[in-house]
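Novice: If you're matching positions, the sequence shown starts at 44 in the numbering used here and goes up one per residue.
One or more hints might be untrue.
[Unchecked claim] If you anchor each label on the Cβ, the simulated ranges turn out as follows: (1) 611 with 117: 34 to 44 Å; (2) 306 with 133: 25 to 35 Å; (3) 637 with 135: 34 to 44 Å; (4) 637 with 342: 52 to 62 Å; (5) 247 with 224: 31 to 41 Å; (6) 637 with 490: 19 to 29 Å; (7) 603 with 490: 48 to 58 Å; (8) 490 with 169: 42 to 52 Å; (9) 174 with 342: 34 to 44 Å; (10) 150 with 462: 53 to 63 Å; (11) 625 with 174: 51 to 61 Å.
Since the hints were derived computationally from the structure, they do not count as laboratory data.
Note that beta-carbon positions come from the ideal geometry of N, C-alpha and C, so glycine has one too.
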Amino acid sequence: MSGKWGFTTSRPTDARYGDDVAKYAMSHGEPGLKTFVREVLQNSNDARLENDQPARVTFKLESLRGDEAIEYLRALDIETWSEHANLATDTKSGKHIAEAIKRIKDDEEIRILTIEDENTEGLLGEENADESNFTALVRDVLFSSKSGDTAGGSYGLGKAVLWLYSGLSLVMFNSTLSDPDPKKRSPRLIGRTRLPTHKSEDGDTVYQGHGWYGSLNGDEEGARPESIWGAEAESIADRLRLSRPDEPGTSIQVVDFRVPTAEERLDDEELADQITGMAIEWFWPAVYRGDLEVAVEVEGETKQASIDEYPQYKPFTSCLNDRDDSVSQLDNPEDVAQAEMSLDVPKKSDGGGGADGQLDLLVRRADTGEYQHRNEVAFIRGAGMVVEYYDRDRVVVGNQDFHAVLLGGRARPWGSDESPGDADTIVEEFLTAAEPPQHDEWVRTETLANSYSRGFRTAVEGIKSDVTETLRGLVAPNVDRGATGPQRLGNRFKIGNESRGGRSERESPSSQRVTGDTNISFDDVYTHWSFNGEVEPLSDRNEIRAVTVSLIRMAEERATTDRLPVQNISSNTAGVSISLPEQKGVQVGRLEPAPGTSKVSFEGVSTKDHRQVETRMKVSVDVAERRDE
């Protein structure tokens, strides 16, 4: 017996054309290969069994042609699926499926990607359970059943991308359960397709587009097939090239695998190289700790994702390796220093939780030739995935180049003899809630707003500014900051100084009402000027309405009319609106803070300056009396 497709029905008045999940995934994260690799590995990593073995994940790429493709498509019951797919291709959102069908016919080839994980939980749960691994992955695509405090995903977006990366919106599952079902024997096989809502040829029946491949237990119209188990599942899995080891875990097969945004279809070898590279880029912490192993198999050859083959991540792992031998000052290349940063987690809305938490920052002085990810901070918590590489290149204004790791939650003591404490668990839960669906930063989220009391926004938005200030204290060399030279020039001057000679004959209105500190220097590696500053009103009664930064060329210590464009500007001050308008035909940096802001910090860079002419910074500040809040 083979599995069959069944599609759920609805009344015509309930019909909704389009795939909400695909739209959600497309709008909440760039659908490049990075998104797919991050989300898939995150799901397997989170499902690892609680033992001393890693979760093992293998990506298997196969391109089927001729008889192999025909046999595979027959096992997939492609005829039943095609009847519905052809009806759905007339809809606007079914256009990509029509294109995929045409391409497969023209090329007489279909590519499948199977992601096989081991030492993971498997698809546990009843067919209609409210919450379970099975329900979350197969049935309720945008919901997650993850409950562990270190789980990487809480939105279920990773499951949505499985269908997004299938040209046919069709995904198959075969799973060996870690906790055997008392009535049924593993493996457990089922498939799901997500077609647009469509009507039957006679128009009398509307299909929601949700189709399942499995065992049909009745003839009821619109009945959803259930999982196929045991020997029958093994037989079908063989024909679908979806057989798996007799070890707990799940095999996921993406039918007609493609990268939605790729301009050209990459060949299998190129895909394999990109997958292994991205696996290490985003999961080197889990791989380093022995919690995760990743491999890619192409035409019977397996390539292991190894940190040793990607030396650009050695500086980050060295931060952990050399933590116990950390120094107070980064005097020499490869020295590692560490610093503690406080993170005050507010209580939850129900009155529980709350802690005086801590984040640990490990900073390693870069060695000659270590250019990749230089001056970046890898943000990590207990899930073992790099949430973000935070670029702090602009902190290096005459300072030492570095690589850094910010450890939070249950990852905070990694590299030391210490174990996570209760406060670390509370921080872990807080940081998890601070991740948006794509899990690529720590910011204010709806989950934070719904779960925590007042103070959560200040806590999460203060992380990056605290990192920046801590870095400045660690990477600054012991040199005279006032010294200048032909390749590196440091200039400090009053806010609002607009005189030609670098000194004001009279104070400008802004300098009378504003105090602050600014710095500009030339970076001979990137051949541009880096600048930073901080401004605030002299009177507590005033607030800052706007800050404009422009760069002025100098000649014989006198200002010229020549201006250098500002290429980029940013601010760690919360609520600041940033733009790059033109003044007199030259791009400047403009910051407009939220009402009531009394201090604004900024940093930025110029466009490339191959002439290396001395350049100074003009900072114009609009100050006014505070508005009523």
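Novice: Confirm or reject each hint.
Specialist: Hint check results:
no.	hint	result
1	611 with 117: 34 to 44 Å	violated, 56 Å
2	306 with 133: 25 to 35 Å	holds, 27 Å
3	637 with 135: 34 to 44 Å	holds, 40 Å
4	637 with 342: 52 to 62 Å	holds, 57 Å
5	247 with 224: 31 to 41 Å	holds, 39 Å
6	637 with 490: 19 to 29 Å	holds, 23 Å
7	603 with 490: 48 to 58 Å	holds, 52 Å
8	490 with 169: 42 to 52 Å	violated, 27 Å
9	174 with 342: 34 to 44 Å	holds, 40 Å
10	150 with 462: 53 to 63 Å	holds, 55 Å
11	625 with 174: 51 to 61 Å	holds, 54 Å
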